[in-house]
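Line order of the protein sequences matches chains P and F. Going by the numbering used here, the first sequence opens with residue 1, and the numbers climb by one from there. Going by the numbering used here, the second sequence opens with residue 1, and the numbers climb by one from there.
The set of hints was computed from the structure by calculation and includes no laboratory data. Virtual Cβ for every residue (Gly too), placed ideally from N, Cα, C. Mixed in with the good hints, there may be bad ones.
Stated by the list, open to error - With beta-carbon atoms standing in for the labels, derived distance ranges:
| # | chain 1 | residue 1 | chain 2 | residue 2 | range |
| --- | --- | --- | --- | --- | --- |
| 1 | F | G191 | P | K2 | 53 to 59 Å |
| 2 | F | E132 | P | V69 | 33 to 39 Å |
| 3 | F | I25 | P | H147 | 17 to 23 Å |
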Amino acid sequence: MKSLVLFVQIAFVTVVIGLWAAVSRIGAVDPTILPPPAKVAVALEALLRSNDFLADSLDTVIRVVAAFVIGAPIALAAGFVMGENIGVGRSLSPIFNLVLSVPQSIFLPLFVLLFGLGFTEKLIFGITHVFFVVAVNAMAAVRQVSHGQVMLARSFGANRFRIYRSIYLPAMAPQVVTGLRLGVIFCIIGILLAEMYASRTGLGVLLLRWGESYAVDKLMAATVLISVATIIINETMRIWEVRVGRWRNVVENR
Amino acid sequence: MSLGRPVVIEARGLGKIYGIDRAPIAALKDISFAVEEGSFVSLVGPSGCGKSTLLQILAGLVPSTTGEVLVDGVAVRQPAPEKISVMFQEATLLPWKRVSDNVEFPLEILGMKAGERRQRAAAMLSLVGLSEFTERYPHELSGGMRQRVSIARALAPDPRIMLMDEPFGALDEQTRIKMGHELLRIWEKTGKTIFFITHSLTEALFLADIVLVMSHRPGQIVGTIKTDLPRPRTYEIIGSAEFGATRNRIWKLISQDDREVNGKGMASL
Numbered sequence: 001m002k003s004l005v006l007f008v009q010i011a012f013v014t015v016v017i018g019l020w021a022a023v024s025r026i027g028a029v030d031p032t033i034l035p036p037p038a039k040v041a042v043a044l045e046a047l048l049r050s051n052d053f054l055a056d057s058l059d060t061v062i063r064v065v066a067a068f069v070i071g072a073p074i075a076l077a078a079g080f081v082m083g084e085n086i087g088v089g090r091s092l093s094p095i096f097n098l099v100l101s102v103p104q105s106i107f108l109p110l111f112v113l114l115f116g117l118g119f120t121e122k123l124i125f126g127i128t129h130v131f132f133v134v135a136v137n138a139m140a141a142v143r144q145v146s147h148g149q150v151m152l153a154r155s156f157g158a159n160r161f162r163i164y165r166s167i168y169l170p171a172m173a174p175q176v177v178t179g180l181r182l183g184v185i186f187c188i189i190g191i192l193l194a195e196m197y198a199s200r201t202g203l204g205v206l207l208l209r210w211g212e213s214y215a216v217d218k219l220m221a222a223t224v225l226i227s228v229a230t231i232i233i234n235e236t237m238r239i240w241e242v243r244v245g246r247w248r249n250v251v252e253n254r
Numbered sequence: 001m002s003l004g005r006p007v008v009i010e011a012r013g014l015g016k017i018y019g020i021d022r023a024p025i026a027a028l029k030d031i032s033f034a035v036e037e038g039s040f041v042s043l044v045g046p047s048g049c050g051k052s053t054l055l056q057i058l059a060g061l062v063p064s065t066t067g068e069v070l071v072d073g074v075a076v077r078q079p080a081p082e083k084i085s086v087m088f089q090e091a092t093l094l095p096w097k098r099v100s101d102n103v104e105f106p107l108e109i110l111g112m113k114a115g116e117r118r119q120r121a122a123a124m125l126s127l128v129g130l131s132e133f134t135e136r137y138p139h140e141l142s143g144g145m146r147q148r149v150s151i152a153r154a155l156a157p158d159p160r161i162m163l164m165d166e167p168f169g170a171l172d173e174q175t176r177i178k179m180g181h182e183l184l185r186i187w188e189k190t191g192k193t194i195f196f197i198t199h200s201l202t203e204a205l206f207l208a209d210i211v212l213v214m215s216h217r218p219g220q221i222v223g224t225i226k227t228d229l230p231r232p233r234t235y236e237i238i239g240s241a242e243f244g245a246t247r248n249r250i251w252k253l254i255s256q257d258d259r260e261v262n263g264k265g266m267a268s269l
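Chain F extracted, bound-state conformation (with noise of 0.2 Å):
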């Protein structure tokens, strides 16, 4: 499934086992995909079913057990913050930092100096809309805002990929319409990869170019869907006749899987 791009993330055959010594549990099986340059990629899957890992592998924050992830043809080992950022569910923001300095805190790591981290932070913030509240403390902010900050936060150093885990799923579902639509702007403004994990057969389907869709235990890649829908993505795309038959498509790969179709097969799709 290709969009023409050079790619920049490559899954090769990712696996994950966790208790080896005893009574092993597969988390992950031949997880293999493409991620192509400046796209939005979905991956949409039921709870429990290993995305979470997946993306801890993406990272380099967690070792697969098979496989390899490659960046830029370049094998991932540990994080790579100039080329990946990380967006977690939970603003994960540092709660005794003001705004601005939680947005410096991956420049301050990666030992930029105070002056340009200010000017990165403050420029960061505006692009996300909160130059107003640089001098908040996470606590003063509503969900919505925090995770605005957190995707602030990502954009800082300037990587080229930001993988996100399920980033909108603890917001009220206005907020999180809300959020999708400021993604998207900031996406098209910035030009970055993003790999985008939900279990929202519609958040996935509406953000994306391509949507992976997984099965779970273990994970595995039961269906590729090229999303085919115009941009820039407005709020009636959701209610059209081709947005409802590719959700079902979606559904359909998912619910299959739970009647044992055998995923090799279902991989081709």
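Just chain P, same shape as in the assembly (with noise of 0.2 Å):
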């Protein structure tokens, strides 16, 4: 069952990519268009030896990482107190619920004209992005909590610091997890989407120039490498998260 599951999503993949080459080599698009799968593979070895690419890059991982472990952390935080301090969370939450709703990325010309053009404006804008989904998470993940455990532990003398790592740690772990993942999908769209906006480096502005200037060839290796790389990352969170959460997909899977 599994291996044919497998062959099943090479076979697709397959496909796709021969359809792709076929419909090139015919003729039957613009090749300047839709370059051949061949074509994208050279540009693609081509920009990953180019000085220049790689310093576009490392710019846009530089921008993703700040905005994410300055974000995290402050969304960790606010959504712990949301969760147990019942008065704070029960006014704030439906806030943050709405906000989470609204598509963040009409605030960017705002920000552009707050903040400027720099690394200030495209961080807080990344932040914001981490912020809401990670803190949303993580008040879902105290409220979780059972106060039944919460109550046992203290009745063979947890102090509070043991009862946080003992019982809130493992108990919120899976749903954090959750919207620490979510959070560095959603800061790499705010980043990226900012880039594309207005920026001077960036992977966003290369995509943006390469499109504009018909190097279609470099605009999909680029389009590649960065969907592979936030594939790589969200299925390495994703076995983080499993593995946090196998007690829990157990109890539910039964």
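Quick one: dock chain against chain with the hints and give me the complex.
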């Protein structure tokens, strides 16, 4: 069963790439709009050797990492307080949930006006992308903590620190990691968006420039590269998520 | 009502009022009783009469509004795990820990070394008949087995007193009866003092030396009954005339309370 699934998946990808190659070869589509896979592969190799491309990539990575490293802890702390403190949670959580449904991209022009075009604007835009999804998940995670288990730990003489470590942490971990995983993805979306909208450096501005100048082989090569990178990040985080949540998954799948 | 043994737990005029600022609700009122060393005392009462609140006060988890709890003559103001273990209705096993790690959990809090913990947990799991399940996770066990793990965990710190809050309330009747026997076996073997809360008259009577009968709103003790049934208890005892008569007495105490009989007068029964 598992090998069949894998077979179908490989077949699907092969067919898609094959179709793409065939369509370019027979000239059904203008090769300047859709270059053949081989040409994209060559462009990809050239990009990976290009110092300029690597410098732009590094800029983007630094922005993403900085936004996440600053945004995630603040969000975790805020989510924890909202989950633990019923009063704070009840008043703020509806606002957070509503904000989460607003497409944050609409704030970008405003951010540019407020913070300019440099690092700060992108950092703050990235942080807002990380913040809400991580905070809302952290809040939900705290609320899942079983009162009975906390009471039990107290009856065995556990102090506050021990209760956080032995009850809160493992109980919250699966949902918190889900939030962090989504946070990373949202963060990448936010940074690339900010770069594509207005920036001097970064992958986003390269994509925009190559698109506008019909450098489609480079555009597609970079697109593939970014896609693969985000998939790897997401799947790595998912492995972590499954690991800390194994006890929960087993219970649910019974 | 005495068995002639030293007193380990003494409740003196316990009262609990919730929501003092506005619309105070009296959950417990003037509760006094004594539990003697090594005895098995049941507390029976209707749902919502404050049984769980009383247990939490006895365990030092919740402060009482009036009165005090003495264990070995010392007032209980916070949990005293070296003397008292608590067991709740849901097994409250930690689902991310294996069975043996769950049993080790209280020992971990007490700061016991890993090797010693492992040994103690193995001994406790053997006592409750779960030696073959030490590496399993709680969700792999049946409800009855989970409660046995919970008993093993409560026994692990070797407390003298076990407070049990409807521990078998969520189990089906057959498992419940088996667990009752199991608990009596463990009690006889370990000599612990057990304070057992239940809403089942049969269970209360079957297990205990002394049954405390509680009324509701506010919860107060309306009767103390010495069971005087022979030990070891067998299932047949439940069908005996003596058992039936005593159960009827308890039932009367509980149902009379609905007709607003003065709690103070009943307490002398």
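Hints and how they fare:
1. G191/F to K2/P: 53 to 59 Å: With a Cβ separation near 55 Å, G191/F and K2/P satisfy 53 to 59 Å, so the hint holds.
2. E132/F to V69/P: 33 to 39 Å: Cβ of E132/F to Cβ of V69/P: about 47 Å, so the range 33 to 39 Å is violated.
3. I25/F to H147/P: 17 to 23 Å: With Cβ atoms ~20 Å apart, the hint holds.
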